[in-house]
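K.L.:
From first to last, the protein sequence lines stand for chains A and B.
Letter 21 of the first sequence, counting from 1, is numbered 49 in this note's numbering, and no numbers are missing.
Letter 16 of the second sequence, counting from 1, is numbered 44 in this note's numbering, and no numbers are missing.
No lab work stands behind these hints: they were computed from the structure.
Check the hints yourself; a few may be wrong.
Same chains, same label: a pair holds when it works inside one copy or across any pair of copies.
Quick list of in silico lysine-lysine cross-link-like pairs, PhoX-like style, CA-CA up to 20 Å [stated by the list, open to error]: (1) Lys-185 - Lys-229; (2) Lys-255 - Lys-229; (3) Lys-273 - Lys-109; (4) Lys-185 - Lys-277; (5) Lys-229 - Lys-91; (6) Lys-141 - Lys-281; (7) Lys-253 - Lys-273; (8) Lys-229 - Lys-273; (9) Lys-273 - Lys-237.
2 protein chains.
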Amino acid sequence: MVGAGNLATHLSRALQNAGHDILQVFSRTEENARLLADRLNAGFTTSLASLSAEADIYIVSIKDSALVECVSDICRGREDKLFVHTAGSIAMQVFEGHCHRFGVLYPMQSFSKGREVDFSVIPCFVEANNADDEAVVEALASSVSQSVWHFSGEQRKYLHLAAVFANNFTNHMYALCAEMLAQHDIPFSTMIPLIDETAAKIHTLEPRKAQTGPAVRFDRNVMDKQKALLAYSPELQQIYELLSKSIHKTSTK
Amino acid sequence: MVGAGNLATHLSRALQNAGHDILQVFSRTEENARLLADRLNAGFTTSLASLSAEADIYIVSIKDSALVECVSDICRGREDKLFVHTAGSIAMQVFEGHCHRFGVLYPMQSFSKGREVDFSVIPCFVEANNADDEAVVEALASSVSQSVWHFSGEQRKYLHLAAVFANNFTNHMYALCAEMLAQHDIPFSTMIPLIDETAAKIHTLEPRKAQTGPAVRFDRNVMDKQKALLAYSPELQQIYELLSKSIHKTSTK
């Protein structure tokens with residue numbers, strides 16, 4: 029396991045629970061490497077030159093920029109092994125020229141340290157540069173998740189972008205909401221049942237059909253009153269206007 | 029029950045389950061009035077002039093614009109009764125001059141027909157123009173919900189606006205996400221575990237602290253690549269840019 033961040037931690041524990049041996053953990057930070065290695069009863073190293081030569085698969089789960097920088101050091105001397113990375117937005121070709129067998133295993137979830145996740149429901153997107161290894165990566169993913177998908181690198185880019193909307197931007201709506209409520213002495217906890225129901229609805233209803241509110245019918249009267257409440261922040265007014273227009277446009281498609 | 033829409037339906041059934049008698053249902057549309065009245069074993073009318081004179085409380089759950097237009101007809105001849113409306117964004121003073129005792133019971137949830145909700149967890153916001161009736165409205169709300177709050181009409185406006193962010197805008201993020209995935213032949217169902225986890229996280233973590241993604245560190249390299257994927261829609265690019273800037277601003281506060 030090359031990496032010891034949130035994704036590396038959750039993935040390696042899921043793999044171990046599924047019966048795989050994690051031989052060794054790499055992290056540049058000794059504390060992180062040791063912490064994860066201890067939990068897995070594995071060895072650890074802080075030097076890419078000391079990566080074990082014994083592994084069947086090298087899973088690279090480090091920052092996008094670090095992956096691009098370190099790929100040659102990761103593969104050097106192990107060119108015939110199978111390498112997979114776990115990054116949504118990086119093509120598997122990042123390995124090209126550095127090793128012969130490579131692929132991707134991208135588990136799409138928002139991982140946090142200290143927060144347990146049920147790995148079995150996390151969609152995993154797999155790809156490899158040859159059919160044999162694609163079967164290996166698929167089997168590996170299937171051992172930890174019931175939701176394994178084959179998509180191209182091009183599709184994965186859009187998947188990753190869509191995840192920015194579904195996670196980053198959605199969470200920001202919650203954050204703006206929390207800020208607004210705090211300014212008026214209303215606890216954020218009052219909003220949680222609505223947030224839960226909003227997410228639960230789209231399990232059975234297409235989001236476009238679940239849409240409600242003044243923007244659907246472009247009710248300028250209500251919208252202008254609400255925008256006026258945001259007069260303290262031209263930026264929030266701009267977000268309100270832009271999203272309302274976009275909702276209306278989507279609803280008339 | 030003056031009204032037979034989604035909110036009126038869910039609220040009146042919850043009230044009946046709590047042991048209250050719903051005497052009569054009003055809706056301009058006979059089919060809707062009859063449908064709800066039958067479920068409640070109540071009478072119905074399609075004429076405000078024929079509203080029962082026997083009720084202790086008149087709950088007005090109709091469209092905002094209809095409420096403003098019809099308030100005088102709703103109250104006429106019953107000026108000493110207690111009237112409450114269920115609208116988040118309308119002040120209780122809408123009743124002023126039409127009756128003497130009035131208030132608000134605003135259950136904050138996104139109601140859909142045919143979708144069961146657990147009313148007991150829905151936050152209800154209550155208010156009345158005198159202490160005795162505020163106690164009555166509070167008791168009424170408490171009979172159906174474990175989450176009853178006293179806020180002013182001014183606070184309720186912001187609550188309602190915050191709900192637009194938490195529900196309408198959040199759902200639109202899901203819709204944009206679904207559209208993007210459909211364009212690249214990826215099923216929306218792959219996104220549901222991420223959406224669920226995003227909502228679940230903020231039960232225990234402040235949204236600002238749960239924020240992840242390229243916009244937090246304002247990683248122009250990743251952001252520009254993602255914006256380029258949205259080249260087919262200048263409007264989506266604008267949303268991407270505006271929300272990314274806003275995330276970064278919030279994260280540095």
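K.L.:
If a hint holds in the structure, say so; if it does not, say that too.
P.N.:
Against the structure, the hints come out as follows:
{"no.": "1", "hint": "Lys-185 - Lys-229", "result": "neither (26 Å within a copy, 25 Å between copies)"}
{"no.": "2", "hint": "Lys-255 - Lys-229", "result": "neither (27 Å within a copy, 29 Å between copies)"}
{"no.": "3", "hint": "Lys-273 - Lys-109", "result": "neither (51 Å within a copy, 42 Å between copies)"}
{"no.": "4", "hint": "Lys-185 - Lys-277", "result": "neither (25 Å within a copy, 26 Å between copies)"}
{"no.": "5", "hint": "Lys-229 - Lys-91", "result": "neither (34 Å within a copy, 22 Å between copies)"}
{"no.": "6", "hint": "Lys-141 - Lys-281", "result": "neither (41 Å within a copy, 23 Å between copies)"}
{"no.": "7", "hint": "Lys-253 - Lys-273", "result": "within (16 Å within a copy, 25 Å between copies)"}
{"no.": "8", "hint": "Lys-229 - Lys-273", "result": "neither (22 Å within a copy, 29 Å between copies)"}
{"no.": "9", "hint": "Lys-273 - Lys-237", "result": "within (16 Å within a copy, 29 Å between copies)"}
The structure fails hints 1, 2, 3, 4, 5, 6, 8 (numbered hints given earlier, in ascending order).
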